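**Q** Can you make the complete structure from the sequences, with help from the hints?
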Amino acid sequence: MGEAGAGKLAVTFGRFVRHKVGMSALCVLFVVILTAIFLPMLWPYDHAEITPDLSQSPSLAHPMGTDTLGRDLLALVLRGMQQSLLIAFSVTIIASLIGVVLGVVAGYFGSLVDATVMRAVDLVLTLPTLALAAFLGSLVAGRGVSWLGLAMVLGSLMWTSVARLVRGVVLSLRELAFVDAARVMGASSTRIMFRHLVPNVSDHIVVAGTLMFGVAILAESSLSFLGFGVQPPDTSLGLLVANAQSAVLTRPWLFYFPGLLIITIVLSVNYVGEGLREAFNPKSAPDNPLTTPRRTARSRRTGTREKQAQASQPAALLTVRDLSVRFGPQTAVKPINLEIKPGEVLALVGESGSGKSLTGLSVVGLLPTNAVGTGSVVFAGNELTDLSFEQWREYRGRRIAMILQDPSTTLNPVLTIATQFADSMRLTSAVNRTEARRRAAELMESVAIKDAQARLDQYPHQLSGGMRQRIAIALAMVHDPDLIIADEPTTALDVTVQAQVMATLAMARERTGAAMLFITHDLALVAGIADRVAVMYQGDIVEEQDVFSLFDNPRSEYTRKLLSLAPRISTDSSVERP
Amino acid sequence: MVQLIFRRLASAVLVLLLASIVIFTVISVSGDPLAELRDRQPPVPGSVIAAEEARLGLTDPLPVRYLSWLQGLVTGDFGPSTIATRDIGVELGSRVGVTLRLVILAIIIALVLSLLAGTVSALHQRRWPDLILTPSAFILLALPSFWLAVLLKQWGIAFNNATGYQTFYTVGAVSVPAPREFLPLVADIAGHMVLPTIVLALTHFATWSRYQRAAVAEGLAGDHVRFAVLKGLSRRRIVGSYVVRPALIPIVTIVALDLPVVFSGAVITETVFQWRGMGGFLLESIALRDTNAVLAWLLIAATAVVLFNLIADILYGLVDPRVRYAKS
Amino acid sequence: MSGQTRAGAATPEPPATELLRVTDLVKHFRAPRAARRRGQAVVHALCAVSFSVGSAETLGIVGESGSGKTTLLRTILGLQQPTSGQVLFLGRDVSQRKGRSDLALQREISVVFQDPYTSLDPRMTVADILAEPAQIHGLAANAQKARTLLDQVRLPATGLRKFPHEFSGGQRQRIAIARALALNPKLIVLDEPVSALDVSVQAEILSLLRELQRERGVSYLFVAHDLAVVAEISQRVGVMYGGQMVELGPTRQVITEARHPYTRELLAAVPVPDPRIERAKPRFLQRRWPTETDNLPPCAHGDLL
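Chains as they are written, first to last, in numbering that gives the first Met the number 0: chain A, 0 to 577; chain B, 0 to 327; chain C, 0 to 304.
Please note that a few of the clues may not be correct.
Stated by the list, open to error - Taking lysine-lysine pairs in the DSSO-like style, the calculated list, with each CA pair at most 27 Å apart, reads:
1) C:Lys-280 <-> A:Lys-449
2) A:Lys-560 <-> A:Lys-333
3) C:Lys-144 <-> C:Lys-185
4) C:Lys-161 <-> C:Lys-144
5) A:Lys-560 <-> C:Lys-161
6) C:Lys-280 <-> A:Lys-340
Source of the hints: derived by calculation from the structure; they are not laboratory data.
Treat the numbers as computed from the prediction; the structure is a model and nothing was measured.
**A** Printed below as a string of structure tokens:
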């Protein structure tokens with residue numbers, strides 16, 4: 000597996016090296032570990048050695064000072080670090096092993112096995128680990144068992160977090176087709192678990208293991224602090240802090256040095272974990288639609304263009320000029336121009352990656368955070384680019400409405416349908432509850448939803464996909480917008496549901512006389528609804544014509560290809576097309 | 000909803016019963032309450048040990064001992080202590096309240112703060128409030144709670160010494176002797192709670208605020224938030240009902256999972272501030288090898304955790320209609 | 000009448016040599032708690048489904064989500080046990096097999112799943128992915144064999160050292176097809192193999208599948224929600240609704256002379272890439288299916304002729 004995982008590992012490693020905080024934390028950790036291993040060999044004092052220098056503050060001979068018995072604190076701290084690191088490391092290994100095996104087995108087999116393991120997890124999770132560990136630790140310590148006994152006690156109590164995590168990931172992996180594919184091939188459960196599942200959870204295991212190392216250090220030092228962990232004459236960082244409790248004000252070095260060392264170690268471990276997490280699973284800049292997207296300087300010159308647009312295109316409802324979208328150095332949408340007249344339906348057709356959805360998002364000012372848009376978008380004579388969130392609210396919902404692709408995620412899962420309608424209605428005027436419900440029911444009936452009254456009090460998860468999408472359409476219609484942007488509104492739906500949603504959309508649009516930008520990959524859908532069609536390919540508009548001319552005489556090679564390949568039900572299926 | 004609560008209650012009782020078996024087995028098998036007696040020098044006569052064994056019921060086989068222990072529990076008897084004069088139930092009972100008020104207050108404060116900080120952090124990701132809150136949470140996560148407790152206690156003492164006036168109470172859960180009248184008593188207890196609560200709340204604030212930040216950040220990138228923005232809703236409405244409310248579901252889970260850790264933290268905090276709470280009782284019992292007392296402690300803590308989990312389940316139902324409707 | 004549409008044996012053109020025969024396949028799932036309280040004990044996912052697949056034939060099965068097509072497919076693949084009924088493959092009942100009990104049989108049936116992003120283990124190289132079937136069956140796997148497989152799906156041998164994420168969706172689906180071919184199966188089950196792909200890529204994959212069938216005489220059970228795609232590649236088409244095979248017959252016959260009202264509605268709903276035809280269609284505001292048939296008893300859809 001090592002060889003097979005190499006490609007991805009190399010990429011991950013590269014990402015981690017570039018993660019500044021994680022990388023510096025790893026360096027700190029390395030220094031700490033190397034110091035703990037090698038410095039005691041060179042250091043003249045032993046941790047148990049009593050020198051004549053009692054309670055000395057830090058000096059050249061004793062860089063961390065000495066304690067009340069005259070022991071060198073640096074030697075003590077080094078010994079403490081060795082103990083803490085060794086125990087935490089063993090705890091991590093033990094707990095991860097138990098957790099991974101139980102988690103994978105529970106997640107893969109499911110049902111009764113899963114229920115049993117999860118009950119066991121629940122049980123362990125009802126017990127305060129520290130208390131049980133203190134009891135068991137005191138026994139272990141009483142029998143003079145070394146660090147390993149302590150590590151086993153802590154490890155056997157700390158596996159639950161890894162087990163839960165691994166089980167959760169395996170549960171979702173199990174649904175993926177490659178697991179089914181392996182089963183169909185005849186792979187044994189063991190093979191599937193250890194050849195397919197474990198490598199795929201390894202990211203999570205590494206991150207969880209790293210973080211557990213930090214938790215284990217805290218647990219061990221807490222236990223030693225309470226007196227049930229490492230026992231004198233040996234020492235640990237927690238024990239050193241415990242001994243220095245009353246010395247904070249008088250001999251502060253005894254308290255601060257061991258404490259700060261624990262903090263340094265745990266902090267570095269946590270930052271390494273964070274770095275690993277981001278290296279395994281890099282997130283682009285977080286999306287936050289509540290902020291105003293970045294734009295380049297070039298687009299800020301649009302103040303004058305606004306007037307030009309007004310003067311030259313009085314008839315257009317929406318004018319898009321030189322719109323482009325870039326992700327860093329990569330251009331996703333080349334400078335394009337579009338125009339929609341009032342009441343007109345413009346279809347934007349393209350395959351995945353053609354830039355059609357980004358174009359739609361640019362128009363409503365919701366580009367992803369890491370995208371940079373340029374150019375101008377003029378709506379009803381007003382420049383829309385560079386509007387603030389509050390300025391946008393004059394348009395969004397009221398004059399420009401948008402319908403998104405996946406109806407299972409667009410509605411708020413925790414609010415009733417009636418509340419989601421009321422939220423929209425209250426934008427323009429104070430509407431009381433009865434009035435809001437009446438209008439919501441009306442709107443729902445207009446999108447062919449039966450039993451609208453009963454549906455009002457339901458939550459989205461109680462409705463079918465087609466019904467949710469029709470409700471999204473009804474929500475878009477609350478304020479009779481001038482422009483509707485529909486981004487693949489039927490892609491997630493079955494064919495007959497798609498037909499129904501398309502009919503609903505067409506009706507709703509005709510009733511309000513709104514213009515529409517209809518974004519899709521499906522030319523067949525376009526045929527029924529669009530007045531004009533723009534075809535996008537690799538970020539550029541390759542062709543724009545009225546719908547009849549486009550289907551009769553496609554001008555570009557690409558459109559011709561799309562048309563010839565579009566699946567259609569021909570009564571003569573034996574004939575193969577070129 | 001009522002049905003949901005009943006079903007949860009039934010499963011809570013079951014979990015407790017199972018927990019009691021596990022705790023009893025682990026503690027009885029691993030700990031010998033008479034170890035200290037046996038090791039005493041000069042050796043204690045065998046008859047004394049046999050008498051003690053009989054008093055503590057150690058002669059019976061394990062299942063019988065469990066059943067008789069369980070029988071005792073029902074009548075409020077936690078079993079004999081290794082110290083003949085000690086009544087486990089009475090002593091523990093007087094300490095539960097002390098610990099619970101610390102635990103509950105700390106949970107509430109940590110929860111409220113982490114909801115606020117996590118949300119603010121996520122709404123301003125990689126900008127100034129986040130650039131302060133995130134590293135602070137990381138540092139707090141790395142702070143050993145016992146170290147923080149000792150630090151605050153000693154600083155409190157130093158502050159009191161420097162000002163010559165007792166601003167901070169650093170020892171005990173209440174003054175000795177305690178004030179007689181009600182209001183001064185409440186004020187005195189509250190005063191004693193300040194520093195321990197800060198310690199306990201801060202450690203959990205760090206964890207929970209990280210989770211809340213992640214949940215809100217994920218929610219923000221969700222389609223339903225984008226749709227709400229496109230509907231033209233106000234920032235306030237979106238943040239409140241479309242971002243934070245769905246994000247409450249994960250945080251409730253995390254807090255429920257963390258409850259035993261809060262109890263563990265309370266043990267440490269109480270020890271440092273020398274409270275006569277459950278923490279002190281546990282440590283004394285462990286030192287005395289008083290297995291029945293440790294058992295009783297673990298059972299009480301487990302009961303508290305199960306009860307808090309029940310509350311979390313009910314909160315779930317309130318927050319998430321999917322839970323409410325799927326289960327009833 | 001209904002019996003005729005439900006039983007594959009009664010269709011006009013029975014396949015010459017029979018490879019797979021499914022007889023009265025029934026699958027019940029335990030109903031969700033809410034439904035059980037209303038007195039409904041089970042969900043009828045499959046209601047006595049019967050059909051057969053001949054050698055070197057493509058049988059297409061169309062159905063929307065919830066029609067039972069996924070359950071049917073998982074049962075045939077042995078990922079689920081049927082409640083009753085038989086799945087005969089070359090005359091042997093394969094429906095009761097469990098895990099690895101019948102490895103020899105598993106060589107004869109392979110599968111290509113819908114989503115090329117999840118059907119290949121992201122942690123394995125293409126070489127490992129293509130070698131896995133042989134490894135599981137204890138056969139020799141070598142690089143030459145993997146190269147041949149890649150060549151058959153028109154991918155260059157340079158891809159062997161790469162990982163799935165380095166390929167486009169269409170290329171990944173080719174790799175999945177190559178893996179399905181690895182043990183020279185007689186039947187390949189294709190579960191929505193092109194629905195996650197762009198139109199231009201769809202056409203390439205479909206034509207690759209047709210070529211492979213010509214070259215190797217392999218049979219396909221092609222399951223999809225898109226009637227247009229299914230009709231393009233299948234000699235015979237079955238339409239599933241509510242756990243039943245409501246229509247089954249030669250492709251042309253199903254399209255031109257659909258007998259079941261659901262098939263007719265489905266045909267009407269498929270958009271046509273021609274503005275004149277599309278605009279002349281009546282508006283499709285209320286579906287008869289399932290709205291008006293919601294209250295039918297389970298397994299009664301097939302009788303609605």
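**Q** Lys-560 of chain A and Lys-161 of chain C: Cα distance at most 27 Å?
**A** Violated: Lys-560 of chain A and Lys-161 of chain C sit about 30 Å apart, past 27 Å.
**Q** Taking 27 Å as the top limit, are the C-alpha atoms of Lys-161 of chain C and Lys-144 of chain C close enough?
**A** 17 Å, holds
**Q** When you check the alpha-carbon spacing of Lys-144 of chain C and Lys-185 of chain C, does it fall within 27 Å?
**A** Roughly 18 Å between the alpha carbons, so the hint for Lys-144 of chain C and Lys-185 of chain C holds.
**Q** Does Lys-333 of chain A sit within 27 Å of Lys-560 of chain A, going by the straight-line distance between their CA atoms?
**A** 22 Å, holds
**Q** Does the alpha-carbon distance linking Lys-280 of chain C and Lys-340 of chain A stay inside the 27 Å limit?
**A** 26 Å, holds
**Q** Tell me if the straight-line CA distance from Lys-280 of chain C to Lys-449 of chain A falls inside 27 Å.
**A** Between Lys-280 of chain C and Lys-449 of chain A the Cα gap is close to 23 Å, so the pair holds against 27 Å.
Going through the hint list in order, the structure does not satisfy hint 5, though it satisfies all others.
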